[in-house]
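S.K.: Let chain A serve as the given structure and place chains B and C on it in line with the hints.
Chain by chain, the residues run as shown.
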Amino acid sequence: MIKDITIGQYFPGNSVLHRLDSRMKLVLTLMLIVAVFLCRGFYSLGLVFILTLLLVLLSRVPVKTVAKSVRPIVFIVIFTAVLNVFYTSGGSWTYQFWIFKISEKGVMMAVFMAVRIVCLVVISSLLTYTTTPTALTDAMERLMSPLTVLKIDVHTLAMMMTLALRFIPTLIEEIDRIMSAQKARGADWESGSLVSRAKALIPVLIPLFVSSFRRAYELAFAMECRCYTGGKGRTRMKQMKIRFSDIAALIFVCLIIAAIVLMDLFLSKVLL
Amino acid sequence: MNEHIINFENVNFTYDSQEDCNSPVLRNLSLSIDKGEFVAVLGHNGSGKSTLAKLTNAILIPSSGTVTVNGLDTKNDDNTNAIRQTVGMVFQNPDNQIVATIVEDDVAFGPENLGVPPAQIRQRVDEALAAVGMYEYRDREPHKLSGGQKQRVAIAGILAMQTDCMVLDEPTAMLDPRGRAEVLNTVLELNREKDITVIYITHFMDEAVEANRVLVMDNGEIVLDGTPKEVFSQVELLQSIGLDVPQASELCYLMKKEGLPLPNDVLNAQECIDALVAALEEYRCP
Amino acid sequence: MSVISITGLTHFYNKGTPFESVAIHDINLEIQKGELLAIIGHTGSGKSTLIQHFNGLLKPDKGVVKFNGSDIWENKKHIREVRFNVGLCFQYPEYQLFEETVYKDIAFGPQNMKLDESEIDRRVRKAAEFVGLKDELLEKSPFDLSGGEKRRAAIAGVLAMEPSVLIMDEPTAGLDPRGREKIIQLIKKYREETGSTVVLVSHSMEDVARLADRILVMENGSPVMLSSVKSVFSQRSRLVSMGLNVPQIAQVFSGLRSRGLPVSADIFTVEEGVKELLRVSQGRGIQ
Chain A
1 MIKDITIGQY
11 FPGNSVLHRL
21 DSRMKLVLTL
31 MLIVAVFLCR
41 GFYSLGLVFI
51 LTLLLVLLSR
61 VPVKTVAKSV
71 RPIVFIVIFT
81 AVLNVFYTSG
91 GSWTYQFWIF
101 KISEKGVMMA
111 VFMAVRIVCL
121 VVISSLLTYT
131 TTPTALTDAM
141 ERLMSPLTVL
151 KIDVHTLAMM
161 MTLALRFIPT
171 LIEEIDRIMS
181 AQKARGADWE
191 SGSLVSRAKA
201 LIPVLIPLFV
211 SSFRRAYELA
221 FAMECRCYTG
231 GKGRTRMKQM
241 KIRFSDIAAL
251 IFVCLIIAAI
261 VLMDLFLSKV
271 LL
Chain B
273 MNEHIINFEN
283 VNFTYDSQED
293 CNSPVLRNLS
303 LSIDKGEFVA
313 VLGHNGSGKS
323 TLAKLTNAIL
333 IPSSGTVTVN
343 GLDTKNDDNT
353 NAIRQTVGMV
363 FQNPDNQIVA
373 TIVEDDVAFG
383 PENLGVPPAQ
393 IRQRVDEALA
403 AVGMYEYRDR
413 EPHKLSGGQK
423 QRVAIAGILA
433 MQTDCMVLDE
443 PTAMLDPRGR
453 AEVLNTVLEL
463 NREKDITVIY
473 ITHFMDEAVE
483 ANRVLVMDNG
493 EIVLDGTPKE
503 VFSQVELLQS
513 IGLDVPQASE
523 LCYLMKKEGL
533 PLPNDVLNAQ
543 ECIDALVAAL
553 EEYRCP
Chain C
559 MSVISITGLT
569 HFYNKGTPFE
579 SVAIHDINLE
589 IQKGELLAII
599 GHTGSGKSTL
609 IQHFNGLLKP
619 DKGVVKFNGS
629 DIWENKKHIR
639 EVRFNVGLCF
649 QYPEYQLFEE
659 TVYKDIAFGP
669 QNMKLDESEI
679 DRRVRKAAEF
689 VGLKDELLEK
699 SPFDLSGGEK
709 RRAAIAGVLA
719 MEPSVLIMDE
729 PTAGLDPRGR
739 EKIIQLIKKY
749 REETGSTVVL
759 VSHSMEDVAR
769 LADRILVMEN
779 GSPVMLSSVK
789 SVFSQRSRLV
799 SMGLNVPQIA
809 QVFSGLRSRG
819 LPVSADIFTV
829 EEGVKELLRV
839 SQGRGIQ
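Residue numbers (this note's numbering), protein chains in the order written: chain A, 1 to 272; chain B, 273 to 558; chain C, 559 to 845.
Only chain A is shown next, with the shape it has when bound in the complex (with noise of 0.2 Å):
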């Protein structure tokens, strides 16, 4: 039933990766993430890529789950490695097939770029994999709440991400539920010109602003009820707390990122 999908991908589990502080992961995978485009030749892009698989291991996500993820970006990484097979030169050898001149500097360059969209695609998934939509709404509101001393109402954009989470399955439904109404009644967006599909969408919005509104306005009494006033003043039960395996996991990737740049500057021939 629509009523059971589950926004976002969470995968629920009490891993390593599951456990640490939200705020954290958030900075970590961003931090992952510059450490790929760091990577400039293959000892440092396998380090990552060695990394990458071990975050999968320590998520204990089944891996069928994450390949799931990769794959609805598998076009862009069979396109990309195309292009750069064909289209780059160099390197020690080439090989002449029909009108295409295959470079060794154009396969390495193909698995070099093919590797590295799939490690940023999966680490970001091992995030959204490891932590749920309130988490990160949470994580993404103490992280900016700096920000107020900019004038910016970090508070309420944070209540809004998640009044959008909460309803987000209930609008859903609703849709549903008005579809299958004026369905019975004859509608139809199935056929006819792209106009009139169109335009036969407006008995199902129409209702759904509606109702949209009616909900907002009800809602807002009841959170007022709730002696709802702002952001100020406002305690939070779940606290954050960093721990040892925080501090341990920061400093961790800021030695992977440390062996990248030193990799790249003695070690291999750079590709980049």
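It should be emphasised that the hints constitute simulated quantities derived from the structure, not laboratory data.
Model, not experiment: these values are computed from the prediction.
Take these hints with a grain of salt, some might be off.
Which stretches of chain B does chain C cover? Using the computed rule of at least three CB atoms under 8 Å from a CB of chain C, they are [to be verified]:
| no. | region |
| --- | --- |
| 1 | 442-448 |
| 2 | 507-516 |
| 3 | 543-552 |
Calculated from the model, a selection of chain B residues having no Cβ within reach of chain C, i.e. all distances over 12 Å [as the list claims (entries may be wrong)]:
| no. | residue |
| --- | --- |
| 4 | N279 |
| 5 | L314 |
| 6 | D411 |
Heads up, simulated BS3-like pairs for lysine-lysine below, C-alpha to C-alpha not over 30 Å straight-line [what the hints assert, rightly or not]:
| no. | chain 1 | residue 1 | chain 2 | residue 2 |
| --- | --- | --- | --- | --- |
| 7 | A | K199 | C | K698 |
| 8 | B | K528 | A | K238 |
| 9 | C | K698 | C | K708 |
| 10 | B | K501 | B | K307 |
| 11 | C | K634 | A | K199 |
| 12 | C | K591 | C | K747 |
| 13 | C | K624 | B | K528 |
| 14 | C | K740 | B | K326 |
| 15 | C | K746 | C | K833 |
| 16 | C | K573 | C | K662 |
| 17 | B | K529 | C | K833 |
| 18 | C | K788 | C | K662 |
| 19 | C | K662 | C | K620 |
| 20 | B | K528 | C | K662 |
| 21 | C | K634 | C | K573 |
| 22 | B | K416 | C | K698 |
| 23 | A | K241 | A | K151 |
| 24 | B | K528 | B | K307 |
| 25 | C | K747 | C | K634 |
| 26 | C | K684 | A | K64 |
| 27 | C | K746 | B | K529 |
| 28 | C | K634 | C | K620 |
| 29 | C | K662 | C | K692 |
| 30 | A | K64 | B | K466 |
| 31 | B | K528 | B | K466 |
| 32 | B | K416 | C | K620 |
| 33 | C | K698 | B | K529 |
| 34 | C | K635 | C | K573 |
| 35 | C | K662 | A | K199 |
| 36 | C | K573 | C | K617 |
| 37 | C | K624 | C | K746 |
| 38 | C | K740 | B | K416 |
| 39 | C | K747 | C | K684 |
| 40 | C | K635 | A | K199 |
Every residue, glycine too, gets a C-beta built ideally from N, C-alpha and C.
M.R.: Same frame as chain A, now just chains B and C:
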């Protein structure tokens, strides 16, 4: 006098958007609610019962007259926070009062707004969820719950604010019979065990019979105020203002008109059976 | 003659996913022309899923649904026609109103049927009059109507298609006693005037007792009872074990019988109850 937790004095109310100011939603209404009471408010749609509910916690302010909560006047903005910490409200639509993506976070919303220290919030949330029988659902997502479960979460949210009084505005109107029973039983228990004053707005007779006091509203006024037995014996009046009585009450009322010696105040099937058996004793087969 | 005939109907939720489960299982049902069939069952028993198969909103995973003798899914292109003949009115139908005026909203169904203007006009006015909406309301925005008027406008939108089978899912949900009574009278009148078949899904045993010819009881996706009102309501303990009940008046009479009063067991409305008690007492005369 200090026992009155909520007091209405000569309250009139007209919505700003109303075209006709001569036909107010509430007319010269006076009412006192004592601590610990379970008051059911009955009325057809448009009788003013929902407006009455919204005046108890300063969502609406009287056009004239005064509403006081524990002595605090709702007209005074400074009192609003204190009033809302005394009178909590549960609404009709189960979905449109749940704010968070996880049940326990939603129950924590009220205490968080009040600035309660985190450890205390945790305790209040756990106790509130246990009191409504939803503790096992604390880390579920609200959209996966049934209507009755969502309403119980909303009730827990008010409990966690530790209000003395709870107003429920047609809390079961959108629920199935199972959900209705869950919600009513939860609220009855809270009233009996935690001495929480309850104002329960409904149009279901079988729920109103459980209260210890029933108010019947029509056209902005209170037309009946008494125990369930006193109120439901007025079958003709209730039917004339568009309300029902339980089938058992109606049967006894009609048979009484036909001459059978029956009491006025039958409320449920069992009382009806007992009364009819007594009246028709001579027709019983041995 | 059965107007709707269902054999071996089975439908799964989330078919093909790890969350697959049975919504309704192996249902066989013949709905007779002109009858009022009530469907009762706790939430989750499959009632909503079942009725959405009658007008082709859902496709059976197994089994056949026939309307007037022919399989409704034989030609996928004609499935919309079925929906004009088997009208389904959902719960809280007022939430589907969308047009600029009440007139246009009621006309939505007939317009989709590609009828000509004069026919659409006739149907819209007839439906509006039937549900008790005054002419002046037709030009207003549906959002300016009262709650009860909105619901009647939405019902009119389905009636305007002049379906030979009308399915109503909890038509009295959320209404106060006055509103409920209006809807019940509307359904009664509709049957009397058009001879249409009606399927009523309801949680109110009292409403069911007043309106239905037969009752289908659903539990956990399967039909567990299908019989006359009398026969179904006489099985009170079985119904209670399923989380359902019988009208209060039936409980009273069952209690009276067990205490030795020679009253009939087939009393399901207050009127019948009064008549029966008079019969028993006036037989010997009362003061």
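S.K.: Taking the earlier hints as the rules, which of them does this structure contradict?
M.R.: Checked against the structure, the hints that fail are numbers 5, 8, 13, 16, 18, 19, 20, 22, 24, 25, 26, 30, 31, 33, 38, while the rest are satisfied.
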